[in-house]
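Work the whole structure out from these sequences, hints included.
Heads up: the sequence lines are chains X and H, in that order.
Under the numbering used here, the letters of the first sequence match residues 30 to 105, in that order.
Under the numbering used here, the letters of the second sequence match residues 7 to 157, in that order.
It is worth saying that the hints were derived from the structure and are not from the lab.
We treat Cβ as the ideally placed atom computed from N, Cα and C, and that holds for glycine.
Just to be clear, a hint being listed does not mean it is correct.
Only some residues are given here: those of chain X computed to face chain H with a beta carbon under 7 Å [stated by the list, open to error]:
hint: 1; residue: Glu42
hint: 2; residue: Gly43
hint: 3; residue: Glu82
hint: 4; residue: Pro100
hint: 5; residue: Ile102
hint: 6; residue: Gly104
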Amino acid sequence: MGAMNEFKVLDPEGHSSTTWDPADAEEVERARRDYEALVRRGYRAFRLDQQAEGRTQERFDPEEKQTLLVPPIHGG
Amino acid sequence: MGGEGLAARLRGWLAGVARLSAQVAEHRARTRFSAQHHAAERARRLLVACLSTSQRSEFERTLGFRVRGASGRLYRIGYSATANIEVLDETGEVQHRLCAGPDRVPTAAVLLAQKLMLEAREAEFLRIAVRHPAVIAPFAARSLQHALHES
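Structure, rendered in structure tokens:
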């Protein structure tokens, strides 16, 4: 098994994770489906740059080590 | 068995049911508290892991950290889920506050969502956020109590 990449989704439990091996096409496809389903529901995807600053991720990147998915935000 | 004996047995049975109900309620409360505590800690660990060195150091000292938006504007995110973003001017004075975040996530996850949105999607965040006055003392007091309770 190769190195695992993951996306973390902020949720009521703190966060949940989906991991995949970028060399495994089936795992990549499963992660892509889950990722895209969340984005369709209004989740926003981010990665952190080397200075730990948030950067927008426009589409699923199977090579990205860690992606963060944020639920839709509301003003209050 | 006489009527008094039956009444005594019934009272004993009812007392047993009441004790059992109290134990179940206590167990549920402990489980809920433990789950909330676990979620809060999990969210806090992820937040800390996603902060820059200077943000982490500031968070450890003050339970808040500063974030610079793509526009160059500086914000300070405090440990609360309500009107917890201070919009700062060049001198560091609070101009006003902002309130926006995801629902039904622990406070630390709200802070992480706000950091990411302000750093990477500032304009979108500002369109959604509700603006509050710079000083909202009663809110601040309640938020601090909430933060202390959750930690």
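The hints, checked one at a time:
1. Glu42: holds, 5 Å
2. Gly43: holds, 3 Å
3. Glu82: Constraint on X:Glu82 satisfied, holds at 5 Å.
4. Pro100: holds, 4 Å
5. Ile102: Nearest chain H Cβ about 5 Å off; hint holds.
6. Gly104: holds, 4 Å
Hint check: no violations occur; every hint is consistent with the structure.
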